[in-house]
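S.K.: Two chains, two separate frames, one set of hints: put the complex together.
As you go down the protein sequences, you meet chains P and A in turn. According to the working numbering, the residues represented by the first sequence are 1 to 327, in order. According to the working numbering, the residues represented by the second sequence are 1 to 328, in order.
Hint data in this document are derived by calculation from the structure and do not stem from the laboratory. There's no promise every hint is true.
To be verified - One-sided and incomplete, this derived list gives chain A residues near chain P with beta-carbon spacing under 8 angstroms:
{"id": "1", "residue": "Glu42"}
{"id": "2", "residue": "Asp99"}
{"id": "3", "residue": "Met101"}
{"id": "4", "residue": "Val188"}
{"id": "5", "residue": "Thr189"}
{"id": "6", "residue": "Glu196"}
{"id": "7", "residue": "Val240"}
{"id": "8", "residue": "Asp241"}
{"id": "9", "residue": "Ser272"}
Heads up, the beta-carbon is just placed ideally off N, CA and C, and yes, glycines get one too.
What follows is the residue order along each chain.
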Amino acid sequence: MSDSQLLVQVSDLRKYFPVKKGTLIQRKTGDVRAVDGISFVISRGETLGLVGESGCGKTTAGRTMLGLYPATSGSVLIDGMDVCKADSREMLLIRRKAQMIFQDPFASLNPRWTVNAIISEPIRVHNLARTDKERSERVRELLSLVGLSGRLINRFPHEFSGGQRQRIGIARALASNPSFIVCDEPISALDVSIQAQVVNLLEDLQDKLGLTYLFIAHDLSMVRHICDRVAVMYLGKIVELAYRDELYENPLHPYTQALLSAVPIPDPKKDRRRKRIILSGDVPSPINPPSGCRFHPRCSIAKSHCSQIEPEWRQVEPGHWIACHEV
Amino acid sequence: METVLEVNDLQTRFHIPEGTVYAVNGVSFHVNDGETLAVVGESGCGKSVSMLSILGLIPIPPGEIVSGTALYLEHDLLTKSESEMEHIRGKEIAMIFQDPMTSLNPVLTIGRQITESLRVHLGMSKQEATQRAVDLLDRVGIPESANRLGDYPHQFSGGMRQRVMIAMSLACDPTLLIADEPTTALDVTIQAQIVELMIHLQEQYGMSMIWITHDLGVVAGLADRVMVMYAGYIVEEANVDEIFDRPRHPYTRALMDALPRVDRRRNRRLKSIAGAPPSLMVEPRGCPFAPRCVHVIERCSSENPPLLSVGLSHKTACWVDMDTGKAV
Numbered sequence: 001m002s003d004s005q006l007l008v009q010v011s012d013l014r015k016y017f018p019v020k021k022g023t024l025i026q027r028k029t030g031d032v033r034a035v036d037g038i039s040f041v042i043s044r045g046e047t048l049g050l051v052g053e054s055g056c057g058k059t060t061a062g063r064t065m066l067g068l069y070p071a072t073s074g075s076v077l078i079d080g081m082d083v084c085k086a087d088s089r090e091m092l093l094i095r096r097k098a099q100m101i102f103q104d105p106f107a108s109l110n111p112r113w114t115v116n117a118i119i120s121e122p123i124r125v126h127n128l129a130r131t132d133k134e135r136s137e138r139v140r141e142l143l144s145l146v147g148l149s150g151r152l153i154n155r156f157p158h159e160f161s162g163g164q165r166q167r168i169g170i171a172r173a174l175a176s177n178p179s180f181i182v183c184d185e186p187i188s189a190l191d192v193s194i195q196a197q198v199v200n201l202l203e204d205l206q207d208k209l210g211l212t213y214l215f216i217a218h219d220l221s222m223v224r225h226i227c228d229r230v231a232v233m234y235l236g237k238i239v240e241l242a243y244r245d246e247l248y249e250n251p252l253h254p255y256t257q258a259l260l261s262a263v264p265i266p267d268p269k270k271d272r273r274r275k276r277i278i279l280s281g282d283v284p285s286p287i288n289p290p291s292g293c294r295f296h297p298r299c300s301i302a303k304s305h306c307s308q309i310e311p312e313w314r315q316v317e318p319g320h321w322i323a324c325h326e327v
Numbered sequence: 001m002e003t004v005l006e007v008n009d010l011q012t013r014f015h016i017p018e019g020t021v022y023a024v025n026g027v028s029f030h031v032n033d034g035e036t037l038a039v040v041g042e043s044g045c046g047k048s049v050s051m052l053s054i055l056g057l058i059p060i061p062p063g064e065i066v067s068g069t070a071l072y073l074e075h076d077l078l079t080k081s082e083s084e085m086e087h088i089r090g091k092e093i094a095m096i097f098q099d100p101m102t103s104l105n106p107v108l109t110i111g112r113q114i115t116e117s118l119r120v121h122l123g124m125s126k127q128e129a130t131q132r133a134v135d136l137l138d139r140v141g142i143p144e145s146a147n148r149l150g151d152y153p154h155q156f157s158g159g160m161r162q163r164v165m166i167a168m169s170l171a172c173d174p175t176l177l178i179a180d181e182p183t184t185a186l187d188v189t190i191q192a193q194i195v196e197l198m199i200h201l202q203e204q205y206g207m208s209m210i211w212i213t214h215d216l217g218v219v220a221g222l223a224d225r226v227m228v229m230y231a232g233y234i235v236e237e238a239n240v241d242e243i244f245d246r247p248r249h250p251y252t253r254a255l256m257d258a259l260p261r262v263d264r265r266r267n268r269r270l271k272s273i274a275g276a277p278p279s280l281m282v283e284p285r286g287c288p289f290a291p292r293c294v295h296v297i298e299r300c301s302s303e304n305p306p307l308l309s310v311g312l313s314h315k316t317a318c319w320v321d322m323d324t325g326k327a328v
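Only chain A is shown next, with the shape it has when bound in the complex (with noise of 0.2 angstroms):
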C-alpha cells in the first residue's frame, strides 16, 4: 500500500511570555492510501498543533517547529515556502474545522467561497466553477443546491453549514482530507448523516483521511487504524479491531473504562481517571501518564517509554505489559 503523508519526530513549541508550551512531543506516524486515521485525545494533547504544523498552519513566532519531516508524497512539507504551501493546502491537502460558522467568510455568499478555490487551483471560469460548485453541493446532500449558492452562512443550519464546509473542501479533489473534529458542534442526529455522507464521499474520491476528534464511539464507526495522543506523545497506535478489542496502554485502557454506554444496561460506577492531563509548560521527563497511571512502577517517572510494536500493526508507549502487569 502507499503512504500518502508520513510524519517523523515532529516537534512543536510556542514560545509565550509565560514560558514554553511544549506542545507536541516528536510524534511519528503515517496514513496509506486510501485510509482513514483517527487521532484521538482530549483538549490539549496536541492532536491539532500536530496537523496544523505539517499544513504549515502555525503562527511563527510563538510557535516554533523544532524538529521532525513531513513527506507527502516525498516532499518535505516542512521545508516548503509559504507559496508553495498555499498551493498544496486546498487542492492536495484539505481540511475541515470543528466549527463550520467561524470557519466560514460570514459576508460571502457560500457560492463565491467555493468557486474561489476552483479558480484560484484550477483555473475554472467563472461559469464552469459555478456548474462544479452546484455539484459538489448536490453531492453533499444539500437540497435546491443550484437556488442556495447566493445564500450567506447564516442562512444554513449548522448541519448544512458542515456540508458546506466538505463540499469547500472537496472542491479540488484533494488527496488527503483532515478533518478536525468536524462533528462535534453537531447534534447526534445531524452528527450521523455527516460521518454517513463522509465514508460514501470517501470510497467515492478515494482519497485519505485524518479525522481528529476525542470521541471514541465515532472513531469505532469509521476509522481503519487509531492513534492515541497524551501531552504531545502519541501513547498507541494500532487498527480499530484491536484497540477496541485490546487497548494496550494504562491511558486508552482507562479513557474506555471512563465511557457509559447506551447499549448496555449500568453496571457499576464509572471509573474515572484521577488527576488532570500535566501542564506543557513544563519540560517533559518520564512518561506524561505515569502521575495518573494506576500501574505506575518507579522507572516511569524518569524514562520516557519509546512507542514499540507489541503486535502485528500494533504500537505502545509503555514500561509496563498491560496483560501480564510486568515491566517489559
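Same shape as in the complex, but just chain P (with noise of 0.2 angstroms):
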C-alpha cells in the first residue's frame, strides 16, 4: 500500500493522565496509562473499528488522534500533518479535515443554540462562506444531506429525538468537509430501530462523499456490519487487528476469543450450541497495569513468561496482527 493511499497513521501514541495525590500541595503518585502504544492505519475510504470494554482506552485514543488531549509520545499523521507536533494554524487545517461524532446526542449539542448556529459554526471558523445567505444555504444543504428537513433550522435541540440529534450531530461534524471523521459510540444511546438508520446514513455518507471512518464501539455486531478492518483494545494496548471476516471467524487472541463468545446471538437454537468462554474477574486498574502481557491474570492459556515479558506485535498472516506469546 503506497503512502498517498493512506490519509490516518498511528505510531506508538501514548496518553497518560496523571494521578495525584493530595488537596493543597499535589504530588503525582503515578499515571493512568490510557493509551500506551498504539499503532495502525487507515486508508482513504475505509472503516476502521476500534472495539474494547470501558476503560479499555478507546476514546482516549480517538479523542488523542484529534488533538482533543495532547498526546504523551508518539505520531498521529493526517494526511501528512503530524496532529502531536501542529501549532495552531496547522492545527486549524487538521480540525477542518478530521471532525468528530460524539456519543452522547443529549450532551453534545448546546441547548442554547439553535440547529443553525450549532451547524453553522465550523463553517464560520473556518470561513468556508462568504455571506450570511451563503452560510444558510450550506446548513440547510448540510441537513438535507442527513434526512432532515431544513425549515427545522431555527429550532433548538431539545424539540427533536435522540436519532434526529444525532443526525444534527453528523450535519456539523460534516459542515467543514472533512475526509476523516472518528465517531465515538455514535448509535450506543440510541434505540434498536433507529439504530438502523443512523448506520445507514452514516454509509451512504461514506460512499457519497468518500469519508474516512474510525468507528469506536463496543457493539461488536455493528462494527462486523459496517467496519472493514477491526482492532481489538484492551487496557490500553490494541491486542489484535484484522478485517473483518478473519477477525470474526478466525479470532486468534485469547481475550478477542472471549469477547467475541460473549455477545449474545438473536438465535435461541444456535445460543444454546455456542461454547461460551467466560472471562472471570474484571478488567485490572489502568494504573498498575499487570506486568508482560496485560491479559495474562485472566487468560486461559497464559504461561510463566506471559507475566514477565510483554508479547510483540507481529504480522501472523497477511493483514493479521496479534500480541500474544502463545498463538
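M.R.: Printed below as a string of C-alpha cells:
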C-alpha cells in the first residue's frame, strides 16, 4: 500500500493521565496509562473499527488522535500533518479535515443554540462561506444531506428525538468538508430501530463524500456490519487487528475469543449450542497494569513468561496482527 | 403449571402539565411458576412502567392506574395498601434495576444494605443476618465476601455492584424476581457472567423471573417466553423458539431485521424502520405501529387489533396475517 492511499497513520501513540494525591500541595503519584503505545493505519475511504470494553482506552485514543487531548508521546499523521506536533495554524487545518461524532446526542449539542448556530459554527470558524445567505444555504444543504428538513433550522436541540439529534451532530461534523471522522459510539445511546437508520446514513455519506471513519464501539455485531477492519483494545493496547471476517471467524487472541463468545446471538437454538468462554474477574486498573502481557491474569493459556515479557506486535498472516506469545 | 402472577387489562397514565401520557394501554399477561418471561421493547414502550405499576412504585399523582388487576397468588396487588405492599416487595417479589450505582445507597455499607431487609422481613438477629449476607455474597460470586461487608458501593466495580444488587434481591428468597435491564450498563463479558449467574440462581432457588430488556440477543439466551411491547401495548407473545423462528407481528419482524449479526457475514444493508415511535401524549387510536408498518391496511388506522392466538401459545395483535399477507 503506497503512502498516498493512507489517510491516517498512528505510531506508538501514548496518552497518560497523571494521578495526583493531596488537596493543597499535589504530588504526582502515578499515571493512568489510558493509551499505551498503539500503532495502526487507515486507508482512504476505509472504516476501521476500534472495539473494547469500558476503560480500555478506545475513546481516549480517538480523542488524542484529533488533538483533543495532547499526546504523551508518539505521532498521528492525518493526511501528512502530525497532530502531535502541529502549531495552532496547522491545528486549524487538521480540525477542518478531521472531525468527530460524539456518543451522547443529548450532551454534545449546546441546548441554548439553534440548529442553525450549531451547524454553522464550523463554517464560520473555517471561513467557508462569504455571506450570511451562503452560510444558511450550506446549513440547509447539510440538513438535507442527513435527512432532516431545512425548515427545522431555527429549532433548538430539545425539540428533537435522539436519532434526529445524532443527525444534527453528523451535519455539524460534515460542515467543514472533512475527509476523516472519528465516530465515538455514535449509536449506543439510540434505540434499535433508530440505530439502523443512523448506520445506514453513515454508510451513504461515506459513499457519497468518500469519507474515512474510525468507528469506536462496544457493539461487536454492529462493528462487524459497518467496518472493513477491526482492532481490539485491552487496557490501553491493541491486542489484535485483522480484516472483519477474518477477525470474527478466526480470532486468535484469547481475549478476542472471549469477547466474541460473550456477544449474545438473537437465535435461541444457535445460542444454546454455543460454547461461551466466561472470563473471570474484572479488567485490572490501568494505573498499575499487570506486568508482561496485560491479559495474563485472566488468560486461560497463559504460561510463566507471559507475566514477565511483553508480547511483541507481529503479523501472523497478511493483514492479521496480534500481540500474544502463545498463538 | 401454576400461575404466579396474572395481570389483566392494566392501564397506567401520567397527568403532567403538558397533558396526559398514555404509558400503558391495557396489557394482560401471566408468569408461570419457575418460568422466565422476557419483556422486550424500546424506550418508552411501557415495559418498565407496567412492572412498576404492579409493584405499586408509580408515584400517584402524577401517575394514575386507570384500570386493571394484578393477581399475585390470587391476591390483587393493585388493591393492597402501601404497608401491605411494603411487606410483599423485597420479600415475595424482588426487583433489580438497571443502574446498580443509583439503586444502592452510596453512604451505607453493602453489609448494612443487605442485612436490613433480612432483619425487617425475616426478623433475623444481627449475627444471623450477617452470616446470611456473607452466604449470599458467596452465592453471587463475590470473592472474600466476609471482608467486603464493610465496603461502600463505590468500592465495587459495575459488575460486582450488580452482583450485590442480585444478592440483596435474593435475600428473602423471593417467589418472583423482576429484573429491569440488569445488564444494560455492563460490558459484554460482564453481561455474560451476570446472565449465567442468574440462570444458575434461578435453577437453584426455583423462582420465576421477569426480565425487561431491549436486547433480543440476551432474550434468546435466557427466556422461556417473550412478550414484545410497543407504545404501551403488547403486540406479540410466544415461547422463545417460536418468536425467533416465526415472528408474526410486523414490528417484531422489523426489529429482528434491523439487527446486525455477530455470527454472520454482512450480506445486505440493515433494514431500518422508518420514522419514530408515536407520541404517548396523544390518545391512542388504531394500531400504534401503523404509521411505520409496511403491511399497513385501511383498518389499521381506525381500529386497534386485539391480541389474538395464532398458534399454540403464540399471540399477536395485527390485522394482517404475516404469512399470507392477507387481512385476517
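S.K.: Would you mind marking each hint as holding or not holding in the structure?
M.R.: Here's how the hints hold up against the structure:
| no. | hint | verdict |
| --- | --- | --- |
| 1 | Glu42 | holds (4 angstroms) |
| 2 | Asp99 | violated (14 angstroms) |
| 3 | Met101 | violated (13 angstroms) |
| 4 | Val188 | holds (4 angstroms) |
| 5 | Thr189 | holds (5 angstroms) |
| 6 | Glu196 | holds (6 angstroms) |
| 7 | Val240 | holds (5 angstroms) |
| 8 | Asp241 | holds (5 angstroms) |
| 9 | Ser272 | holds (4 angstroms) |
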